[in-house]
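Asks: Sequence:
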Amino acid sequence: MLSAQRKSHLLEILARDGRVVAKTVADELGISEDSIRRDLRELAEEGKLIRVYGGALPVPAADRPVEERRELATASKERVARRAVDSIRPSSTIVLDAGTTTLAMARILPSGTGLTVITPSPAIALAVAEHSDARVVMIGGELSRHSMVASGSLAMEAIRHLAADVFFVGVTGIHPEHGLTTGSLDDAVTKRALAERCAETIVLASEEKIGAVSRFPVLDLTAVTAVITDPHDRNPLIGELVSGETPA
1 MLSAQRKSHL
11 LEILARDGRV
21 VAKTVADELG
31 ISEDSIRRDL
41 RELAEEGKLI
51 RVYGGALPVP
61 AADRPVEERR
71 ELATASKERV
81 ARRAVDSIRP
91 SSTIVLDAGT
101 TTLAMARILP
111 SGTGLTVITP
121 SPAIALAVAE
131 HSDARVVMIG
141 GELSRHSMVA
151 SGSLAMEAIR
161 HLAADVFFVG
171 VTGIHPEHGL
181 TTGSLDDAVT
191 KRALAERCAE
201 TIVLASEEKI
211 GAVSRFPVLD
221 LTAVTAVITD
231 PHDRNPLIGE
241 LVSGETPA
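For the sequence shown, my numbering assigns the number 1 to the initial residue and increments by one for each residue that follows.
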């Protein structure tokens, strides 16, 4: 079987089963596992799948550019955002990560509770200012065209001097085994740096993110305080996450 045929076969398996196990495919085709791994590596470089240990997983829909992600699972994001906002304590200093779920949070933050909101996202800063009386602190840096978030050395310098109560982190993949992942290396670095400066880290898990795995690791699930899920989501993987409950 030619390489092009093998790649087509691998993508068919991925579409059918939701994953590829390299050893299983190699045994079925009677070829070396190294050949399958090479095919998977080349497909990953083309952006057609995500390589993981032992095989591959689909590219999550949430890895699309931010303007395309706005239409993904909007109702689920709204429910997660509401649960997250309900968990915020008065007079807290919170960090709102860039993302469509945190943008939904920014639009429903309460006024009159003495909140301070720190964010690397210009869109979220504007939404907070428009919809609440919270104090807004922006993190500066180079603006990513993919995620529309500040990152790079200037952002790292600013983050180093921050301290906050809660970091509401948005990622594109949440998986019991692979943890929190995202599609941009710079975004992954920024998220880890923010988590280090916050007393708690809470993950926003709308339905399209659970079970997905993106290219770049952010944090292990053991490093987060809680995972806020959509109460309407019946994904069986939710039970394997650290928590599906809103923190007290």
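It is worth saying that the hints were derived from the structure and are not from the lab.
One should not assume that every hint holds.
Within a straight-line C-alpha distance of at most 27 Å, the following computed DSSO-like cross-link-like pairs (lysine-lysine) qualify [unchecked claim]:
1) LYS48 / LYS7
2) LYS48 / LYS23
3) LYS23 / LYS7
FRET-style restraints, in silico, Cβ to Cβ [to be verified]:
4) GLU177 / ILE31: 24 to 30 Å
5) ASP133 / GLU46: 44 to 50 Å
6) ARG16 / LEU126: 39 to 45 Å
7) GLU240 / VAL21: 16 to 22 Å
8) ARG197 / SER91: 40 to 46 Å
9) ALA199 / GLU33: 21 to 27 Å
10) GLY114 / GLU240: 35 to 41 Å
11) GLU240 / MET138: 33 to 39 Å
12) ARG107 / SER32: 49 to 55 Å
13) SER35 / GLU130: 20 to 26 Å
14) SER8 / THR116: 21 to 27 Å
15) LEU237 / ARG41: 50 to 56 Å
16) PRO110 / THR74: 18 to 24 Å
17) GLU130 / TYR53: 32 to 38 Å
Using N, Cα and C, we set each Cβ at its ideal position, and we do this for glycine too.
Asks: Looking back at the numbered hints, which does the structure fail to meet, lowest number first?
Replies: The structure conflicts with hints 8, 9, 13, 14, 15 and 17, although it agrees with all the remaining ones.
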